[in-house]
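Asks: Take a look at the letters that make up each chain.
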Amino acid sequence: MSILVVYTMLFLQAAVQPVRVHRSFQAVREGLVTLCLSVELLAEVRDGLTRSKVREKFPALTPAAVDAFIIETAASATIFESVPSLFTWPVDPGDDHLFNLAIHVQAEYLVTWETRMLKLPSDISQSADLLRRLAPKLRIVNPEQFAQVLRVS
Amino acid sequence: MTPLSLDIIIKVMTIDISLTPEAETKLRQRAASLGQDLSTVASDLLEEAVTRQSADELLAPARKQVAESGLNDGQVDGFFREVLKEVRDEKKAMST
Numbered sequence: 000m001s002i003l004v005v006y007t008m009l010f011l012q013a014a015v016q017p018v019r020v021h022r023s024f025q026a027v028r029e030g031l032v033t034l035c036l037s038v039e040l041l042a043e044v045r046d047g048l049t050r051s052k053v054r055e056k057f058p059a060l061t062p063a064a065v066d067a068f069i070i071e072t073a074a075s076a077t078i079f080e081s082v083p084s085l086f087t088w089p090v091d092p093g094d095d096h097l098f099n100l101a102i103h104v105q106a107e108y109l110v111t112w113e114t115r116m117l118k119l120p121s122d123i124s125q126s127a128d129l130l131r132r133l134a135p136k137l138r139i140v141n142p143e144q145f146a147q148v149l150r151v152s
Numbered sequence: 000m001t002p003l004s005l006d007i008i009i010k011v012m013t014i015d016i017s018l019t020p021e022a023e024t025k026l027r028q029r030a031a032s033l034g035q036d037l038s039t040v041a042s043d044l045l046e047e048a049v050t051r052q053s054a055d056e057l058l059a060p061a062r063k064q065v066a067e068s069g070l071n072d073g074q075v076d077g078f079f080r081e082v083l084k085e086v087r088d089e090k091k092a093m094s095t
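Chains as they are written, first to last, in numbering that gives the first Met the number 0: chain S, 0 to 152; chain V, 0 to 95.
Simulated from the structure, these hints should not be mistaken for laboratory data.
Bear in mind that the values here come from a model prediction, so they are computed numbers and not experimental data.
Honestly, I wouldn't trust all of these hints.
Unchecked claim - Examples of chain S residues lying across from chain V (beta carbon under 8 Å, computed):
#1 T7
#2 A14
#3 V15
#4 Q16
#5 D46
#6 G47
#7 R50
#8 K52
#9 V53
#10 F57
#11 L60
#12 A64
#13 A67
#14 P83
#15 V90
#16 G93
We put the beta carbon where it would ideally sit given N, CA and C, even for glycine.
Use the sequences and the hints to build the structure in full.
Replies: What follows is the structure, given as structure tokens:
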């Protein structure tokens, strides 16, 4: 079964616009892939969804709804309490915890909409080279490409 | 005046369930700590689990709000990217 890491933004979308990332999370629920999460990633998702500016814009996004979403997401995933920090990406160190999770679990897919991350496999920087060595199986794809992978397999 | 007669029929479903030894131990511990019998605690837990609202049910009003906000996908993404940046900036500030 493929091991999957999902970028933070996709969880935020899954909470409020699930249709846009439906296939990725459906595959997790159906047990077609193994979703890996770190405690740090879950905390980042929860923090993002419970910010006061989010509540001001979307008052119906209550803490109870967010907690239920976090609990259901966590229940469908394999959770890693601590993840070694082997990689840092100067372009956006905020993404480091996701890459480090992908390295730690030897993920086959990192699903993201972020163009800067999607370009990384063809990047010739030292960081990109290090990531290729630390996570040789990793493919960075967007949700549509991942849905295509699921259709083919 | 004819007295009002009210018959209440309570239907109770009885089922057999299998538990792992670990779950059974936890259930026994919980029952002991609450001072209740095993079947009452098990029944309460099951009742709570099946009647609890799912995340999809709880998130439905927020999803409707986002859909009716007039924001397009790009604007919603932009908003949440801004939120994520704020989360990360605060995390970075706290770690330095």
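Asks: Taking the hints in turn, state whether each one holds.
Replies: Checked hints:
Evaluation of the S/T7 hint against chain V yields a held restraint, the C-beta minimum of about 6 Å falling below 8 Å. Given hint, S/A14 at the interface with chain V, holds; its Cβ is 6 Å from that chain's nearest Cβ, closer than 8 Å. With a least beta-carbon distance of about 5 Å to chain V, the hint placing S/V15 at the interface is held under the 8 Å criterion. With 8 Å as the threshold, the beta carbon of S/Q16 comes within range of chain V, its nearest partner Cβ sitting at about 6 Å, so the hint holds.
Look at S/D46: its Cβ gets to within about 5 Å of chain V, closer than 8 Å, so that hint holds up. Interface hint at S/G47: satisfied, since its Cβ lies 5 Å from the closest Cβ of chain V, which is below the 8 Å cut-off. With its C-beta approaching chain V no nearer than about 5 Å, S/R50 sits inside the 8 Å limit, and its interface hint holds. This hint holds: S/K52 has a C-beta 7 Å from the nearest C-beta of chain V, less than the 8 Å allowed.
Interface restraint check for S/V53: the shortest CB-CB distance to chain V comes to about 6 Å, inside 8 Å, so the restraint holds. Nearest Cβ of chain V to the Cβ of S/F57: about 5 Å, under the 8 Å cut. The hint holds. For S/L60, the interface hint holds, since its Cβ comes within 8 Å of a Cβ in chain V; the closest pair sits about 4 Å apart. A least Cβ separation of about 4 Å between S/A64 and chain V falls short of the 8 Å threshold, and the interface hint therefore holds.
With a cut of 8 Å, the hint placing S/A67 at the interface with chain V holds, because the nearest CB-to-CB distance is about 4 Å. Among the interface hints, the one on S/P83 is violated; its C-beta lies about 17 Å from the nearest C-beta in chain V, farther than the 8 Å criterion. Because the smallest distance between the Cβ of S/V90 and any Cβ of chain V comes to about 13 Å, over 8 Å, the interface hint for this residue is violated. Interface hint at S/G93: satisfied, since its Cβ lies 4 Å from the closest Cβ of chain V, which is below the 8 Å cut-off.
Of the numbered hints given earlier, the model fails hints 14 and 15; all others are met.
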